[in-house]
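Novice: Residues per chain, in single letters:
There are 2 protein chains.
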Amino acid sequence: MNGKMVENAVGRRVPTQINGEEVIPFKGLGKHLPKGNRYGPPIYSSTQYPPDGNKVVGSLEEALKKCGLSHGMTISTHHHMRDGDLVSNEIFKVASKLGVKDLVWFPSASFPCHEPITEYLEDGTIDHIEGSMNGPLGRFVSEGKMKGTGVLRSHGGRYQAIQDGEVKIDIAVIAAPTSDPFGNANGVYGPSACGGLGYALADHTYADRVIVVTDNLIEFPCFPMHIVGNYVDCVVEVDRIGIPEKIVSGTTRITRSPDRLLIAELTARFCEEAGIIHDGFTFQTGAGGTSLAIGNFFHKIMKKNGIKAKFASGGSTQFIVEMLEEGCVDYILDAQTFDLESVKSIRRNPGHKVTSIFNCYDYHSKGNFTTMIDVVILGATEIDVGFNGNVVTHSDGYMLHGIGGWQNTLFGKNVIIPVPLFRDRIPVIRDRVTTLCGPGELVDVIVTERGIAVNPRRTDLLDKVKGSDLPIRSIEELKDEAEKICGKPREPELDDDIVAAVKWVDGTVIDVVKKVGI
Amino acid sequence: MNGKMVENAVGRRVPTQINGEEVIPFKGLGKHLPKGNRYGPPIYSSTQYPPDGNKVVGSLEEALKKCGLSHGMTISTHHHMRDGDLVSNEIFKVASKLGVKDLVWFPSASFPCHEPITEYLEDGTIDHIEGSMNGPLGRFVSEGKMKGTGVLRSHGGRYQAIQDGEVKIDIAVIAAPTSDPFGNANGVYGPSACGGLGYALADHTYADRVIVVTDNLIEFPCFPMHIVGNYVDCVVEVDRIGIPEKIVSGTTRITRSPDRLLIAELTARFCEEAGIIHDGFTFQTGAGGTSLAIGNFFHKIMKKNGIKAKFASGGSTQFIVEMLEEGCVDYILDAQTFDLESVKSIRRNPGHKVTSIFNCYDYHSKGNFTTMIDVVILGATEIDVGFNGNVVTHSDGYMLHGIGGWQNTLFGKNVIIPVPLFRDRIPVIRDRVTTLCGPGELVDVIVTERGIAVNPRRTDLLDKVKGSDLPIRSIEELKDEAEKICGKPREPELDDDIVAAVKWVDGTVIDVVKKVGI
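Residue numbers (this note's numbering), protein chains in the order written: chain L, 28 to 545; chain E, 28 to 545.
Heads up, some of the hints might be wrong.
Which copy? The list can't say, so a pair holds if one copy fits it or any two copies do.
Unchecked claim - Computed cross-link-like contacts, DSS-like style, restricted to lysine-lysine with a CA-CA straight-line distance of at most 25 Å:
{"hint": "1", "residue 1": "Lys-124", "residue 2": "Lys-31"}
{"hint": "2", "residue 1": "Lys-371", "residue 2": "Lys-54"}
{"hint": "3", "residue 1": "Lys-93", "residue 2": "Lys-195"}
{"hint": "4", "residue 1": "Lys-195", "residue 2": "Lys-128"}
{"hint": "5", "residue 1": "Lys-440", "residue 2": "Lys-380"}
{"hint": "6", "residue 1": "Lys-493", "residue 2": "Lys-172"}
What the hints contain is simulated information worked out from the structure, not anything from laboratory work.
Produce the complete structure using the sequences and hints provided.
Specialist: The structure is reproduced here in C-alpha cells:
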C-alpha cells in the first residue's frame, strides 16, 4: 500500500506512496522546487445558479446531496470554530445515514469535540483524515484504528497542497458566523463570531463545490467578504454553528507556573540582550500560557525602552490587542483570533488586519510573511540535540497534536523554542525526536528553566549574548542535565505500521508516525 | 488564418479560428456551458524570492528582463489610470528597444493616451491587442493596420478568459498608486490614487509573472491589500505612474443638453411608473453625462418618496457618493472609481466598498452580482429593431469604443438604454446594428427624446406603464421617425477582412469587426 520505504534527507525512513498516491521524500531545506501549474477547479456557469442570488437550501443534507456527495470524496472543513465546532460532525452523520463510504476528511485542524468522528471512521464512512488530529482522534489513529493513512500538514502546507492539486477538495463545508444568501461570508459578526476565516480561503477558492453553513443569515451584501459568494454553491441556515465559549476559548491565560514564568522571562531577556527587540521589530509569540507570558515581558521591555513593533502576527489575543491599542504595535496580522476581545478588536481597530494562510505561510507562493518576522516563539513536545523538533507525538509515540503553523514559522529570522527541561519526569531534550517535524537548521534557540541553548549555526546570536549573565549552555548539557534528573528516557514501543505521514511545507514527506504497540 | 466562417446563433458570420486558435461561435443565451477546469499558473517556491520581502528592482526594464520578457508573450495591464496612464506605453518602449517581437497586449481597456502604441504595432513589437480599443487605436485597427486580429471582451469576459485559460498572461504589469516592497498594493492612497484596483485581480491571480509599478512605495505592510504581494514577482518604483487629473478625469459632468436631459427625465419617470424604484432597490447608472442626469433624477424621486436603495454598483462618482452620505443608498459596490470625490469616499465611508470584476461580472462563476441589479442604465452607438445593441463601432464601421461592463450588465433585471434618436443626423435605431455586441433578448427598454420602446418580451413592463402619460411607442416607430428626419442610413463600406472579433461573456464569438473601406 505504501510503496517502498526510503531514507529521506533527515535520515527518516518514509514511504514513496501514501494511500496509493506517489509522494516525494523530503530532500533537504529548499531543495525541492515545484513543477507544473496550480490546480484549477472545474468551471461552472452563472446560468447554473439562481439569478436572484439566493443559494439557500433547506438543510445540510440537501446541500450535500446537491453538491453530489458520493463515495471516496474529499470533504474539507476549517477549524475557526475550534473546540466549539457544531458543523463538522454533522457532515459525516449525514454521510453515514446516506450510506456514503470511504470519504476523506480534510480539516484544517481537529479538536476534542470531534471525537464522534471515530464512529464514522469505524463504520467506513471515512477512510482517513488528512489534517491535524488533536486529542482523541490522534489517540484513535495512533492505535492503528483508521483504515487509511493520516496525512499531517502545517497550515501553510495545507494551503500548498490544495493550491498545487495534491489534495483536490470535492466539497468544502464552511461554517460561517455571518453570511448572506449569495454566500458572501465572514467570521467577525454574529452569535458564533470567531474573527477571521483565513483557514477557509484555499478551500473556497479551489474546491469543486462549496457549502456555507451559518447561524446568522443576513441580507446581501455581507461585508467584510472573507468568503466570496462567487465561489459558493449553497448556503445552509442552522440554529447554531458553534458553542461561543468554546470558539473563543479560555485557553488564552498567562501561565502561573513559576518554572514557566522563569522560561518566559529568560526568553524575553535573551531577545533583549541579542538585540532582537528593536524599534520596528516584528514578532509572533503564540497563544499558549508561556507564550502569553513572553508577550507580556516583550510588552514591558518595549515600554521601558520606548520601542514600537511594526507588527505582531499569527494568533491574536487580548494581550496583543492591548499592545495595539496602546500604540506599542502598528498592526496585528491576524491569522487566527483566539479570544472575544480580539474578535471585537477586528471590528473596531483599523490596525487589526485579518490575513490568510496564503499571505502568511504558503511556501509555494512568491514569498510569504514569515521570513519577515524577527522573532517567532514556538512550542515542541520534544527537541533533539540536532535542534530538530517534534510537535505531533508525545514521547510514548501517541499522536496528540497538530502541526499548526509550527513548520511555517520556522522560517522566521529568529526561532526560539521555550520548553521545560522535562514534563512529568520525561526529558524534552533527547538524542532523537520520536517524530521529526522540522529540521534543526531552522531552530535557533532553546530556552529551558535550567539554561538556554543556541544553535551553533547562529554564531551571530552567540556573539551577541556573550558576556551577558544569561545561562547559555550547549544543548548536550541540557540533555544531560535532564537525564541526570529523570534518567535516560525509554524509546517508545512502536509497530512498523505507519498510521500517518508528516509532510514538510513543500509537500515532501519528512517523517511518519507509527502505530503504538498496545 | 481564421479557419472557416460560420453563422452563429444571432445570424452573424464569424470565424472558427482567431489568431490561429480555435474559437466557438455564439450558441445563444445560456447555451454554452463551460467544460474543464480553471487555469492554474506555474507554481513557484518562496525560496526563489528574497526572504526580507524586498522585491524592488531598479527599473521597469530590469523587471521585464527578470520576468523573462520574450517574443510572443502576452503582457497585461489594467486601465485604472485611464487616460492618465504613464506605464503601459513604457512597457512596449522597453520591449521595442530590446528587439522583442510579436507580443500580445492585453489591457483591460485602452485610451487616447495609448496612441503611441501604434508605433509598436508598426515596428512588430506588438502583434495584436486583445482588449478595448478606444479612440486612436481603434481607428488604426479599423483601417487594417494591425498584424494580428484584435479580440474585444467585456470586463467580465476578460476575467472569464483569464480564469478559463483562454488567455494566458505571461507578464502582468500593474500600475499601483501605493505598494510596499513585497508587492502588496492598492489604489486608494498616493499621488496617483485611482480608487479600487479590481480590474487587475484576475491578472495578478492568474499571470505567470507579476510586476507592480508604483510612485508611492511605502513600508510593509500596505493596506488595503487590493493586490496581494504573494502573487508579485517584482516591484518597480518610478517618478509617476499617472497624471492625476486624467486618472480621475472630468468626464463625469451631468449633461446640459436639453435633449439629453429630456431622455434622462423620461428614463427616470419610466422607472418610477414601472415600479422599478422601490424601497431596497438596486441600480447601476453609469458615468456618462446622461447617466449622471438619470442618477440625479433617481435621487430626487427617492427623496420625494422616502425610498432608500440597497446598493449602487459599477462606476462611482461624486453624485453616488452624495447619495451614500445622505443615507439614500446603503452601499456603493465600486468596480471603478471615476472621480476624486469617490476615491476620498472609499477612504472615509465604510459603506463604499471596492469590489472586483469577479464579484460583479464573471459569467463563469457561481453567480455574480449583476443578476441582482434592479435597473441598469447603458449606452449604445446603435440599437436595431430586434433590440440588439452595438457599443464598439460607429455606423461608419470604425471601432472607437470598448465593451466595458456593457455585456455583463445586460443581465440586470431591467436593462434600459437611453439614446438620442440620432447623432449628427445619423439614426441610432436601425434595421441592423453594424456590430452586434449584445442580443436583443437582454435589452428591455430604449428611451429616446421622442419616445420609449419597450421590448415586446417584457409584457410585464408594458402592463405597468399602460395608462401612464409616458410616450410609449414601438421600436419600429422610433426607427421610422429617425429615418423620416435623417433619411435612410447608408450601410458602411466594409472590406471582408476581419480586424477584430467580439466575444460574448461566455467566451464564444458573437460578431466580428471588419476593416473599413478606405
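Novice: Within, between, both or neither: how does the pair Lys-493, Lys-172 come out at a Cα-Cα threshold of 25 Å?
Specialist: Result: close neither inside a copy nor across copies, 51 Å intra and 73 Å inter.
Novice: When no copy is specified for Lys-93 and Lys-195, does a C-alpha distance of 25 Å or less occur within a copy, between copies, both, or neither?
Specialist: The answer is within: 19 Å in one copy meets 25 Å, while 33 Å across copies does not.
Novice: Indicate which option fits the pair Lys-371, Lys-54 if close means a Cα-Cα distance not exceeding 25 Å: within, between, both or neither.
Specialist: neither (44 Å within a copy, 51 Å between copies)
Novice: As a check of your reading, is Lys-440 near Lys-380 (CA-CA no more than 25 Å) within one copy, between copies, both or neither?
Specialist: within (22 Å within a copy, 36 Å between copies)
Novice: How do Lys-195 and Lys-128 come out at 25 Å by Cα distance, when the copy is not named: within, between, both, or neither?
Specialist: For Lys-195 and Lys-128, only the intra-copy Cα distance (17 Å) is at most 25 Å; the inter-copy one is 39 Å.
Novice: With identical chains treated as interchangeable, where does the CA-CA distance between Lys-124 and Lys-31 reach 25 Å or less: within a copy, between copies, both, or neither?
Specialist: neither (37 Å within a copy, 55 Å between copies)
In summary, the structure is inconsistent with hints 1, 2 and 6 from the numbered list given earlier, while agreeing with the others.
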